[in-house]
Each structure stands twice: as structure tokens, then as C-alpha cells.
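So the sequences go chain by chain: A, B, C and D.
Note that my numbering numbers the first sequence so that position 31 is 31, with each residue one more than the last.
Note that my numbering numbers the second sequence so that position 52 is 52, with each residue one more than the last.
Note that my numbering numbers the third sequence so that position 115 is 115, with each residue one more than the last.
Note that my numbering numbers the fourth sequence so that position 129 is 129, with each residue one more than the last.
Note that these hints are calculated values from the structure, not bench results.
Each hint should be verified, as a subset may be incorrect.
[Stated by the list, open to error] Stretch by stretch, here's where chain B covers chain C in the computed footprint (C-beta under 8 Å, at least three residues):
#1 81-95
#2 104-112
#3 125-136
Model, not experiment: these values are computed from the prediction.
Even glycine gets a Cβ: it sits at the ideal position worked out from N, Cα and C.
Number of protein chains: 4
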Amino acid sequence: MIHPPLPVAIAVVGSGASDSAMKPVAETVGRALARAGVTLVCGGRGGVMAAAARGARQAGGRTVGILPGTGPDDSPPNPSIEVPIFTGMGQARNLAVVLSADVVIAIGGGWGTLSEIGLARKHGRPVVLLGNWHLELPDKVDDRNLVHAKSPEEAVEIALDLARDGPRR
Amino acid sequence: MIHPPLPVAIAVVGSGASDSAMKPVAETVGRALARAGVTLVCGGRGGVMAAAARGARQAGGRTVGILPGTGPDDSPPNPSIEVPIFTGMGQARNLAVVLSADVVIAIGGGWGTLSEIGLARKHGRPVVLLGNWHLELPDKVDDRNLVHAKSPEEAVEIALDLARDGPRR
Amino acid sequence: MIHPPLPVAIAVVGSGASDSAMKPVAETVGRALARAGVTLVCGGRGGVMAAAARGARQAGGRTVGILPGTGPDDSPPNPSIEVPIFTGMGQARNLAVVLSADVVIAIGGGWGTLSEIGLARKHGRPVVLLGNWHLELPDKVDDRNLVHAKSPEEAVEIALDLARDGPRR
Amino acid sequence: MIHPPLPVAIAVVGSGASDSAMKPVAETVGRALARAGVTLVCGGRGGVMAAAARGARQAGGRTVGILPGTGPDDSPPNPSIEVPIFTGMGQARNLAVVLSADVVIAIGGGWGTLSEIGLARKHGRPVVLLGNWHLELPDKVDDRNLVHAKSPEEAVEIALDLARDGPRR
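Work the whole structure out from these sequences, hints included.
Listed below in C-alpha cells is the structure:
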């Protein structure tokens, strides 16, 4: 089936904890993505996800939240999610988050975020890291598409570059 | 977490076969949903899904396609999908299609559609049927939310009514 | 990859409600499957699933339960499940239940069971129905592999025949 | 529902590549797990998974393979899988692999394995690492249940200890 080029989408992943120190960083990333005309995809919950979505909406961008639960009662989307997707599949939804994006930006994060980095790279999605990540894997793995950024602005710039030549173009 | 009311979303499910006789019906349903300001959710593929999405886009509506594959190469969205979600989970994505809607409209369809009707009702989503469906289940099951409609216009009218009092409101 | 023939596995699906009148039927089915040397696959919960697994274990058969939750706390397997699989994916686990079998036997049941019938037939697994099922689908669909049985004994006999020529052989 | 204690199950995750240098290590791990009476859970494919399952079967142990595909045609289990589970959900099956075990042993591996480590720890399953893993996450995360082992024997010993007090006991 012929289809027009997909709209560029970038996923922001990170901790859902409400006290995450990375929230201002996430808000800046979300805003910059929206200004670049990019759809923000995230897990739809709080913390880094809520901050990124808030930034994106403030700049008039589109926000998609792919949630673990079966509906708003067991999985309320954060207030800045424009398109909520309820999967009912718990953390298996992490796969849909990364596949629905051209590139993934990880802003801090813990074990759930680690799983998203793994799933993204497994499926060829480049990953840009913000925060104190240090990942060394035993297998000889292609690292060119796992990039550390020093600021939210740099992360977005790198992500937009990678999206242009990404696996969905 | 407090969140604003979700935007009303209605899923259209049915055969992906390109020769489905239900395509004109689906296009009418999609158009009517868009005119009512409702987001169209579907499985993102061809046949009934493509026709419904085309109708919705013609009327300026929002269209979400929740796809089985891992990206546009193995799961190209139909040309009228505005927000493509790639799940990489095959037919397990049927669960996300129905959970992401207030009400499901089934327009003809086969086994995949039957699974969506079951998953929708299991999770309390009302289902409106168009086409020659006849479903009798052994368990005493609540039928009030499984409704037969006689025309695309009636299906949309019933669906909008059911959405207003639906499980996500 | 060459692999030895898969062990024959038959899924039993049906209501999880503890008051299901179909429990004696399910127990008979489970016992007969075990006597035929077949692995019983089910959703691992109560009602029909528990009765079928109990029957199978009484006859020394193998029982696999594919559960919706993330572990025994949120998804306790019934006491006759020998191999519990925790998916953490809610009702999306229904897909794994039917795909892990050569044939599916539906013993009564409601909406969840209906979704399993649809997913099974979508993927070419024959389905044997016990109880008051009446299913007519709009699409011209292959009905030869959707068979009504009149007794648990007949259901097992038909299922074993269908498994022999089934999609996994 | 009361249920008897679950049988102890340990997942072995790692590269599916047939040239993995970790295959002898995996075979030793599989054998030791079987001798301890533990069920081996894995992704059912080649490489490390096949080697671990082969070791387990040689010692008479039970082996469960949770596969990404819809059946033996698109997802042939390795020849040592006793109980094949077909999920049809691609890499989302990684969640079921780790949830179906008390503890996870990662033997080398790449991005898919990284996702399994993340999902395991997210759900409280301890992880034992063999091979050159170096993982530092930004969030303050509990590391006590992420343990490096120096040999296959040590990995199994640690895993058995952790299983005894694990999240499913």
C-alpha cells in the first residue's frame, strides 16, 4: 500500500516519578520538538512524560500518550495528552511507544526506561540519552545510534538529524 | 491524577480486505463521525478501515490507526491515517483499538472483527453492529450494549448516544 | 531451524466465573485430553479453566496456564496449573492462549471467550464449540473449522481429529 | 484463590545469534538449573537460548520457550523446548519471559537482552549478569538485585539464592 510519508514523531521516555529532577529538561525538550513541528510520543503518565507533554502543548504541538492500562480509571493520562491510546498491556506498551517514533530521547530514567532503550535499539530506532547513563553491552552492538547529549537543546538537534535518516524514512 | 475529559473517540472495525462491499458504508460512518467532532480510531489497514479513515479525513476529522507491525515497512498505514501507532504485537493490537475508544462500530467483518467485538464488550465498551451479524453467547451476558443498526447514519447516532454515557465518561 | 514435531496441545477456553454450570463438562474434557496424551492450555484462572485443568491433572496430564497478570499476587493460577506463564498483558494474553494450541475447545463462555474464538480462527486454529453458541459473521468465512459438539466426549474426539491435520502439523 | 507454591522457574536471556561465544556458558547454566530441579524459561529461539535449553534437557529438566511468532512456521522453537508458548506479539513477549521466572540470568546479549533486564527489574525480578555488562542508570535504583557473576556455576548459585526470597515466594 502506498502511503504518504509518516509525520515525524519523536518519543520522550523517562521516569514517571513526580519528583524527577529531569522535569525542567523534559519540558524544554517537549517545547523544542513542538516548535520543530514534530509529534511527541510518550507513555502518557506523570513525571518526565507529563513535563515533556506540557512543554509540547505550550508550543502548540501534538502529543500522543500510549498508556499501560485499560482506560482513564486505571491509567489516567497526564493533562497534556491530546491523543490517549489505552493498550491494557502494562509494560508491554513500552514497545508501542518506541515503535511509534523515528527516534527516542531518554531523559534520565530507571528500569522501565532501560527497557525502552533496549526495545528501541532492537528495532533500529536511534536513541539520544540525557542524564547519567552508562551502558556497555557484551554483544558487539552498533553504538552509532546511541548518542549522549549534553543539553535538552542538543538532544533535540541530534534527534531531528537522526529522524531525517531514520528507519522509518 | 486529575485530567481533563478525554476527547470522544469511536473505533471502526471491520474487514481489511480491499474488496469489502462495506467500504461505502464505512466511508459514510467516518464522515459522520468527523462531522460530530469525534476522533476515529481504527486498525490502520485497508478495506473498511481505509474507507472509514478516508471519510473522516474528507470531513476534516482526526484519524488514529493502531497497527499490528513494527513500522511502515511491515505495516503500512492507509493514506488517511493522521496518527499512526505501531505496536509490533500483531493481532494483540486489537485490544488497544477497542480500549482507545468510547464505543466500537463493527462494519461487516470476519474473525478479527469478532475478536474486537469480544474484547470491547469484555471491557465495557458498547458495540454497534452493521451488516449481517448474529451473535448468541452461552453465558448470560449483558446485551443492552450490543446494538444492531440499520444504516451508517443510525449507527453513528446510536454510537454518539452510547459514548455520552460510556465507560470512559 | 529444524525442530522435532511440537507436542499436541489443545486449549480450553470459557468463563472464569466460579458458578459456571459448564464446570463438570470442562472437567470431563480435561480428563479426556490428558488420557489422549495432549497438553492442556488455558487462561490459568478459575471456572471452566480450573475445572478443565483439574480434570487433566487427575488423569496425569500436563497443564499450561497463560495468565493476564504480572505474577501470582495479581493473577493467582488455579491449583491445577503445572506450568504458569505470566504475561502482564491483560486480555491480550488471549492471543497467546489460542496460538499455543493446535485446536481450541470453547466450553460455554462470554465476551472473553468470544474474543478467543475470533483470534483462534483468524490464525487458522480450528474451534470446537460446546454450549449454546450461535455465531454468524457478515464476511464469507470458512466455517468448516468451527464445529459444534454435543458432548464433552465428542468435542475431544473432534478436536483430536482436527489437531492431526491442523495448522501446526 | 489459594494455590500451591509455584514451581521455581529461572529465565535465561541472551543473544539468539548462532555464533554467540556464550553458548558453552549457557549450556552449563541450563544443566545446573535442571539439576537443581528448576524450570528453565527462555525466549525459545537459537544461540544462548538453544544452548541453555539443550543443557537443561540433557539433565532431564523442564524447558519453556516463549516465542515471538504466531506458530512454528514463523517462529520455530529450538529443538530442546518442551513447552512452546506462541505469543504472536514480537518483542513484547520479552515481558512474559521475565515475569514467568523468579530470577533472570543474562548471559551476554545485546539490545533485546537489555530490554529484558529492564523489564525484569521494573517488576522486581532479580537479575544475575554474566559477560561484560556495565549498566549505570540515572535514577537512584535499587542495585542489590542486579548482581554480576564470574562463572556459570556462581550465576546459578546466586540465582537459586535470590529465587528463594524472590518476589513470587
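List in ascending order the numbers of the hints, as given earlier, that are violated by the structure. Hints that this structure does not satisfy do not exist here, as all of them hold.
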